[in-house]
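**Q** Take a look at the letters that make up each chain.
There are 2 protein chains.
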Amino acid sequence: MSQYENVTVIKKANLYFDGKVSSRTVLFADGTKKTLGIMLPGEYEFGTDAKEIMEILAGDLKVLLPGESEWISISGEGEFTVPANSKFKLQVASITDYACSYIQE
Amino acid sequence: MSQYENVTVIKKANLYFDGKVSSRTVLFADGTKKTLGIMLPGEYEFGTDAKEIMEILAGDLKVLLPGESEWISISGEGEFTVPANSKFKLQVASITDYACSYIQE
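So the sequences go chain by chain: G and H.
If you use this note's numbering, the first sequence closes out at 107, no skipped numbers anywhere.
If you use this note's numbering, the second sequence closes out at 107, no skipped numbers anywhere.
Okay, chain G solo, but in the shape it has when bound (with noise of 0.2 Å):
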């Protein structure tokens, strides 16, 4: 799926990190949400509320998830899932393109 459909945009963008994250969200007509979101180089820790599925659409980057004692790599595209209410690194080499959803459980 290149695009999403028939949803709302919010016109302001969120930003993180000096915005060097940043991203706008996109409301679905089933109630669910996704940000789609920029990340310029950098290591950054975010921690989430709901359970988040990223989907890395390009970059290059490693994901350290809550828990875990080893990096995953992903260059290119790529996917990852993340806890409710957790904590999760990234160390970001190349800027990455990415969308997030946000899981309600």
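Worth flagging that the hints you see were computed from the coordinates, not collected in a lab.
The reader is advised that the hints may include incorrect statements.
Copies of the same chain are indistinguishable here, so a pair counts whether it falls within one copy or spans any two.
Said to hold, decoys possible - Distance condition first, Cα-Cα at most 16 Å in a straight line; then the derived EDC-like pairs of lysine to aspartate or glutamate: (1) Lys35 <-> Glu7; (2) Lys89 <-> Glu72; (3) Lys89 <-> Glu47; (4) Lys13 <-> Glu45; (5) Lys14 <-> Glu57; (6) Lys35 <-> Asp20; (7) Lys14 <-> Glu107.
Fit chain H to the supplied structure of chain G, relying on the hints for placement.
**A** This is chain H only, laid out in the frame that chain G set:
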């Protein structure tokens, strides 16, 4: 209007200047197009195809429109229009969030 409803969003980002400028494309039912973008601090020159109406949602920047010798300053919210098939320059002093409308004439 704080959000765009009943639209299609292209998932993949548009990236310029090593990702210091990025945007997402939003398509409307009437066939028109806008982009929602972020510009990090820096100096940029852009060219237009269609006429562009740039709505600054937040930021701090100066704009040099084609044929002008005076820079326009925008802090916070603002708007400027760029003719089709022309070039304009930007000096972005702090992270700038924008919505750009492409006007076919």
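**Q** Of the numbered hints stated earlier in the document, which are not met by this structure?
**A** Violated hints: 4, 6 and 7; rest satisfied.
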